[in-house]
Amino acid sequence: MSGQEVSGHDASGPGAGASGTARAAHPEDLARRLLGRLGARGWTLGVAESLTGGGVTSVLVSVPGASAVLRGGVVAYATDLKSGLLGVDGGLLAARGAVDPDVASQMAAGVRRATGADVGLATTGVAGPDPQDGQAPGRVYVAVSAPGTDRVRRIDLTGTRPDIIAGATSGVLRLALSVIPELSSSVAQG
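For the sequence shown, the positions run 1 to 190 when the UniProt record's numbering is used.
Quick caveat, the hints were computed from the structure, so don't treat them as lab data. Among the hints, erroneous ones may be present.
As the list claims (entries may be wrong) - Distance windows between CB atoms, simulated:
1. 90 - 39: 18 to 26 Å
2. 40 - 131: 39 to 47 Å
3. 29 - 72: 21 to 29 Å
4. 116 - 65: 18 to 26 Å
Glycine is no exception: its CB is placed at the ideal position from the N, C-alpha and C atoms.
Let the hints inform the model, and build the full structure from the sequences given.
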């Protein structure tokens with residue numbers, strides 16, 4: 001996919017402590033910062049979630065004034081919903097499963113289209129305790145789709161199921177915050 005970046009394993013990256021243990025990293029503060037940056041540009045946001053099950057959207061709506069930026073969210077927990085609601089390629093899902101960087105990227109782009117938002121976020125991964133699609137618990141992909149850029153980051157987390165979900169929530173918000181300063185505020189919605 002053009003403009004897509006996939007970062008490798010980063011145990012000290014978003015949502016992970018130095019040991020690779022998942023941590024929340026103050027998701028409310030991350031959400032407040034992200035909504036502020038998007039609002040300052042007049043941009044809107046859509047969220048596609050799988051393993052986080054609405055957690056990212058919940059953190060965002062906890063911020064006063066979120067309605068000025070957040071268009072909506074889609075929880076596509078079942079694999080077929082990723083295709084049906086978000087337009088993820090069915091062949092890709094059949095070949096690689098739902099826990100894949102290209103799936104995350106297509107989810108983020110799909111929620112942008114579905115909600116008419118300037119920026120789309122997505123989470124997919126394995127919260128555990130069992131593996132899924134050949135992927136170990138804690139393997140997470142978070143994605144951002146915005147005008148002129150698509151980014152995907154792989155995060156490998158450890159901890160309990162709630163820890164991994166919290167780490168994925170913080171991870172996608174951190175990725176979005178890292179992308180937004182790189183974008184021109186003059187880019188039109190695309």
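For each hint, the structure was consulted:
{"no.": "1", "hint": "90 - 39: 18 to 26 Å", "in the structure": "36 Å, violated"}
{"no.": "2", "hint": "40 - 131: 39 to 47 Å", "in the structure": "42 Å, holds"}
{"no.": "3", "hint": "29 - 72: 21 to 29 Å", "in the structure": "22 Å, holds"}
{"no.": "4", "hint": "116 - 65: 18 to 26 Å", "in the structure": "19 Å, holds"}
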